[in-house]
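Start counting the sequence shown at 1; every next residue gets the next number (UniProt numbering).
Be aware that a few hints might be false.
Now the in silico label distances, taken between C-beta atoms and shown as ranges [said to hold, decoys possible]: (1) TRP437 x LYS35: 55 to 61 Å; (2) TRP155 x ASN499: 31 to 37 Å; (3) LYS35 x ASN173: 40 to 46 Å; (4) ASN27 x GLU413: 31 to 37 Å.
Here are the computed lysine-lysine pairs in the DSS-like style, where the Cα-Cα straight-line distance is at most 25 Å [stated by the list, open to error]: (5) LYS178 x LYS242; (6) LYS553 x LYS538; (7) LYS267 x LYS13; (8) LYS242 x LYS267; (9) LYS267 x LYS130; (10) LYS73 x LYS538; (11) LYS267 x LYS73; (12) LYS13 x LYS73.
No wet-lab data here; the hints were simulated from the structure.
C-beta atoms are modelled at their ideal positions from N, C-alpha and C, and glycine is treated no differently.
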Amino acid sequence: MCFISFFFLFFFKLMNFFFMIYFISENVILFLKGKIISFNSMNIVMSIILNWMSLLFMMFVLMIPSSVIYYSKSYMSSELNLNRFIILVMLFVFSMILLIVSPNMISIFLGWDGLGLVSYCLVIYYQNIKSYNAGMLTALSNRIGDVMILMVISWMMNYGSWNYIFYLNFMSNDYSMKIISILVIIAAMTKSAQIPFSSWLPAAMAAPTPVSALVHFSTLVTAGVYLLIRFNMLLIDMFFLKFLLLLSGLTMLMAGIFANYEFDLKKIIALSTLSQLGLMMSILSMGLSELAFFHLLTPAMFKALLFMCSGVIIHMMNDNQDIRFMGGISLYIPMTSLCMNISNLALCGIPFLAGFYSKDLILEMVSMSNLNMLIFFLYYFSTGLTMFYTIRLLMYLMINDYNLFSVYNLYDEDYIMLKSMFLLLFMSLIVGSFLMWMIFNYPYMIYLPFNLKMMVIYVSLIGLFMGYLVSNMSIYSLNKFLMIYNLSNFLSLMWFMPNLSTYGLNYFFLNYGQGLLKNIDMGWMELYSGQGMFNIIKNYSIFYYLYQMNNYKIYLFSFILWMMIFYFMILI
Numbered sequence: 001m002c003f004i005s006f007f008f009l010f011f012f013k014l015m016n017f018f019f020m021i022y023f024i025s026e027n028v029i030l031f032l033k034g035k036i037i038s039f040n041s042m043n044i045v046m047s048i049i050l051n052w053m054s055l056l057f058m059m060f061v062l063m064i065p066s067s068v069i070y071y072s073k074s075y076m077s078s079e080l081n082l083n084r085f086i087i088l089v090m091l092f093v094f095s096m097i098l099l100i101v102s103p104n105m106i107s108i109f110l111g112w113d114g115l116g117l118v119s120y121c122l123v124i125y126y127q128n129i130k131s132y133n134a135g136m137l138t139a140l141s142n143r144i145g146d147v148m149i150l151m152v153i154s155w156m157m158n159y160g161s162w163n164y165i166f167y168l169n170f171m172s173n174d175y176s177m178k179i180i181s182i183l184v185i186i187a188a189m190t191k192s193a194q195i196p197f198s199s200w201l202p203a204a205m206a207a208p209t210p211v212s213a214l215v216h217f218s219t220l221v222t223a224g225v226y227l228l229i230r231f232n233m234l235l236i237d238m239f240f241l242k243f244l245l246l247l248s249g250l251t252m253l254m255a256g257i258f259a260n261y262e263f264d265l266k267k268i269i270a271l272s273t274l275s276q277l278g279l280m281m282s283i284l285s286m287g288l289s290e291l292a293f294f295h296l297l298t299p300a301m302f303k304a305l306l307f308m309c310s311g312v313i314i315h316m317m318n319d320n321q322d323i324r325f326m327g328g329i330s331l332y333i334p335m336t337s338l339c340m341n342i343s344n345l346a347l348c349g350i351p352f353l354a355g356f357y358s359k360d361l362i363l364e365m366v367s368m369s370n371l372n373m374l375i376f377f378l379y380y381f382s383t384g385l386t387m388f389y390t391i392r393l394l395m396y397l398m399i400n401d402y403n404l405f406s407v408y409n410l411y412d413e414d415y416i417m418l419k420s421m422f423l424l425l426f427m428s429l430i431v432g433s434f435l436m437w438m439i440f441n442y443p444y445m446i447y448l449p450f451n452l453k454m455m456v457i458y459v460s461l462i463g464l465f466m467g468y469l470v471s472n473m474s475i476y477s478l479n480k481f482l483m484i485y486n487l488s489n490f491l492s493l494m495w496f497m498p499n500l501s502t503y504g505l506n507y508f509f510l511n512y513g514q515g516l517l518k519n520i521d522m523g524w525m526e527l528y529s530g531q532g533m534f535n536i537i538k539n540y541s542i543f544y545y546l547y548q549m550n551n552y553k554i555y556l557f558s559f560i561l562w563m564m565i566f567y568f569m570i571l572i
């Protein structure tokens with residue numbers, strides 16, 4: 001099943017690749033319409049749009065799951081229900097493809113809801129309390145986005161068609177289109193985990209590692225950004241978009257800070273994903289949709305690769321995810337460490353790796369734009385933080401001592417995992433320049449002062465130095481102010497967002513429910529309904545029982561009386 005799925009997705013990806021090159025060179029857009037069912041005068045039609053953007057994104061969406069499925073062959077070899085897992089992954093991919101090629105709100109909603117449903121099934125795959133809680137948080141956060149899309153569908157009834165692609169350009173000033181665009185932005189914020197919906201992304205790490213590689217960055221979380229790129233014509237010159245710029249900048253900052261306090265390997269990578277999502281959303285809210293699409297694709301490769309490497313490392317560490325127990329692994333598993341280090345460097349934006357092309361271009365466009373100091377600070381500080389947590393992670397994994405067992409045997413000979421990882425490694429080396437040639441048909445001319453041009457390097461070097469200092473923190477260090485209890489509690493609990501979005505929302509309702517249960521259900525209601533009636537009937541029956549047993553004359557008389565009443569009732 002694994003190999004069949006892998007080959008199917010891989011060849012489908014190659015086909016997409018050749019189509020996409022043709023579509024870009026000839027500037028072709030295909031709009032396909034097919035009738036599903038015709039009943040009297042009503043037609044139900046399925047429409048598909050194929051342009052270079054959907055084909056390119058589809059190529060990535062097919063490529064990462066193909067290597068993830070190949071990787072799962074080894075990673076989940078001890079799993080009894082491996083076929084069920086593969087089928088879930090394939091369903092996930094097909095939901096995403098439906099979302100990508102749809103110009104129609106109904107089919108977008110089907111794909112969108114399919115993603116939410118299958119991601120819930122995958123998050124609760126290992127069935128325990130932690131997974132169930134994470135799954136519910138994920139499903140309910142995404143449910144808000146589903147409701148927004150449903151509201152968009154009902155608002156679009158005004159236009160007589162759900163094929164939004166036809167009237168995006170000339171109805172952008174319409175009042176109800178403004179409402180539609182606000183709803184679309186909120187839906188995208190839930191799916192792409194922006195503040196206030198951020199807490200589900202680290203929680204979804206309860207899923208198996210191949211799912212994390214698949215969900216984060218290749219498919220699920222990018223669906224929101226892709227939807228906003230599709231609706232880009234609507235969103236320009238909206239006040240709500242400025243608000244989104246601020247929120248996504250804060251998401252970037254929050255994820256970067258939280259990643260420096262986290263010790264769970266998978267959560268650190270999930271938070272770096274969240275940081276990149278904030279970067280995508282913010283550049284999109286500045287109106288640069290092609291640049292956002294570029295940054296949507298470039299990190300997909302090395303993010304999936306990071307998750308795969310973390311899966312191998314977690315297996316080696318006896319299924320332990322805490323980075324404080326790891327260390328010195330570059331001596332024992334060099335191939336995995338090579339993949340891990342290169343993908344980490346690509347994440348930091350080291351020149352000529354995948355991340356550099358999109359990240360550097362985005363930051364230079366930010367420097368060119370006329371935004372205020374706060375947004376500028378958020379962008380550059382978050383870039384520094386990316387370097388910060390990456391170097392901290394590398395220090396813990398590669399340089400510090402191994403802390404788990406005194407006798408250990410780490411091996412790097414799982415060739416199925418390594419093959420799938422090397423495929424993504426190759427892509428994360430070349431994909432930046434490849435996409436740069438593909439997407440932009442003219443070069444961006446960026447003219448900046450020297451210090452502003454070098455600003456990325458300055459913040460990266462400061463982040464590198466800080467990461468080194470924090471990793472070597474001892475009891476006498478000057479940088480211990482970072483560990484003040486209240487400050488570190490606030491920063492390490494994601495600005496209290498998981499608590500606010502779980503207990504914060506349901507505390508009042510649960511408390512009220514407990515009061516109702518105690519005072520009404522088990523109190524007055526009980527006294528005046530079930531228990532009260534029972535007590536009255538019981539007391540009466542005891543009273544009659546005493547009469548019957550103690551006085552035979554009264555018993556006979558009452559019997560005759562009842563018989564006479566019964567006889568009269570029959571006569572009447």
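Hints and how they fare:
{"no.": "1", "hint": "TRP437 x LYS35: 55 to 61 Å", "in the structure": "violated (39 Å)"}
{"no.": "2", "hint": "TRP155 x ASN499: 31 to 37 Å", "in the structure": "holds (34 Å)"}
{"no.": "3", "hint": "LYS35 x ASN173: 40 to 46 Å", "in the structure": "violated (34 Å)"}
{"no.": "4", "hint": "ASN27 x GLU413: 31 to 37 Å", "in the structure": "violated (48 Å)"}
{"no.": "5", "hint": "LYS178 x LYS242", "in the structure": "holds (14 Å)"}
{"no.": "6", "hint": "LYS553 x LYS538", "in the structure": "holds (24 Å)"}
{"no.": "7", "hint": "LYS267 x LYS13", "in the structure": "violated (30 Å)"}
{"no.": "8", "hint": "LYS242 x LYS267", "in the structure": "violated (29 Å)"}
{"no.": "9", "hint": "LYS267 x LYS130", "in the structure": "holds (14 Å)"}
{"no.": "10", "hint": "LYS73 x LYS538", "in the structure": "violated (67 Å)"}
{"no.": "11", "hint": "LYS267 x LYS73", "in the structure": "holds (24 Å)"}
{"no.": "12", "hint": "LYS13 x LYS73", "in the structure": "holds (20 Å)"}
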